[in-house]
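Using the hints provided, position chain B relative to the given structure of chain A.
Number of protein chains: 2
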Amino acid sequence: MPDTAQTNSAVISSDRVNGTEVYGVEGGSIGHIDHLLIDKKTGRITYAMMGFGGFMGLGEDYYPIPWAKLDYDPGLAGYRTDITREQIEGAPERRDGWYDDRKWEEATYAHYGAPYYWI
Amino acid sequence: MPDTAQTNSAVISSDRVNGTEVYGVEGGSIGHIDHLLIDKKTGRITYAMMGFGGFMGLGEDYYPIPWAKLDYDPGLAGYRTDITREQIEGAPERRDGWYDDRKWEEATYAHYGAPYYWI
Chain A
612 MPDTAQTNSA VISSDRVNGT EVYGVEGGSI GHIDHLLIDK KTGRITYAMM
662 GFGGFMGLGE DYYPIPWAKL DYDPGLAGYR TDITREQIEG APERRDGWYD
712 DRKWEEATYA HYGAPYYWI
Chain B
612 MPDTAQTNSA VISSDRVNGT EVYGVEGGSI GHIDHLLIDK KTGRITYAMM
662 GFGGFMGLGE DYYPIPWAKL DYDPGLAGYR TDITREQIEG APERRDGWYD
712 DRKWEEATYA HYGAPYYWI
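Protein sequences appear in the order of chains A and B. Note that our numbering numbers the first sequence so that position 12 is 623, with each residue one more than the last. Note that our numbering numbers the second sequence so that position 102 is 713, with each residue one more than the last.
Treat the hints as calculated values from the structure; they're not laboratory data. This list has only true hints and no planted wrong ones.
The list treats identical chains as interchangeable, and a pair is accepted whether it falls inside one copy or across any two copies.
Mimicking EDC-like on lysine to aspartate or glutamate, the simulated pairs with C-alpha atoms at most 16 Å apart in a straight line are:
no. : residue 1 : residue 2
1   : K651      : D626
2   : K680      : E716
3   : K652      : D711
4   : K680      : D693
5   : K651      : D711
These numbers come from a predicted model, not from an experiment.
So that you can see chain A by itself, here it is in the shape it has in the complex (with noise of 0.2 Å):
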């Protein structure tokens, strides 16, 4: 990739987010990320989207995870996360428009133990 940031940087390119595996306390992969949602306003991203390939047979492919908790280890070139498989099973359940939905954002976000994007 010509010319853009470097793992050690303070930023990151999204070529380095979508498709990378990330991996919970215990050191495995718990999945990966899918993509990501941004706030077209603000330029911030409100959700990483996780992905487990339908393995864990919750029904549906994607969870939505607070951003602010996966760290990037550019030695295991992916996210490391200390949430948990219970954790995402048990976080709030989704609705059409949920990310339009502050009740629901507060909930999940709190659910998480992450500081609110918005504020």
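Relative to chain A, chain B alone:
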């Protein structure tokens, strides 16, 4: 794309960013978004990296543009911008680590008339 943001929402998926065309005020494509640079700590987009495929002969392939200058148009399935080719050619020159250089960033955001992303 299952259960993620719709284009009429306040949020947009990064799937609709990488590779997406950028159209100028005269209507034609002036390039595409190759990838985004993201501040790791805040989850804020610092730059959209525009690519030109080299046909402009400027000797480099990517140009960092403030996210605030891009306006997604679902009808076009692309971005509109009032940035011109001349403006891009006249942007402050980059050196190694430009994305961590606040002085360069101030000059660049001022050049494009965009509000600083770090305030």
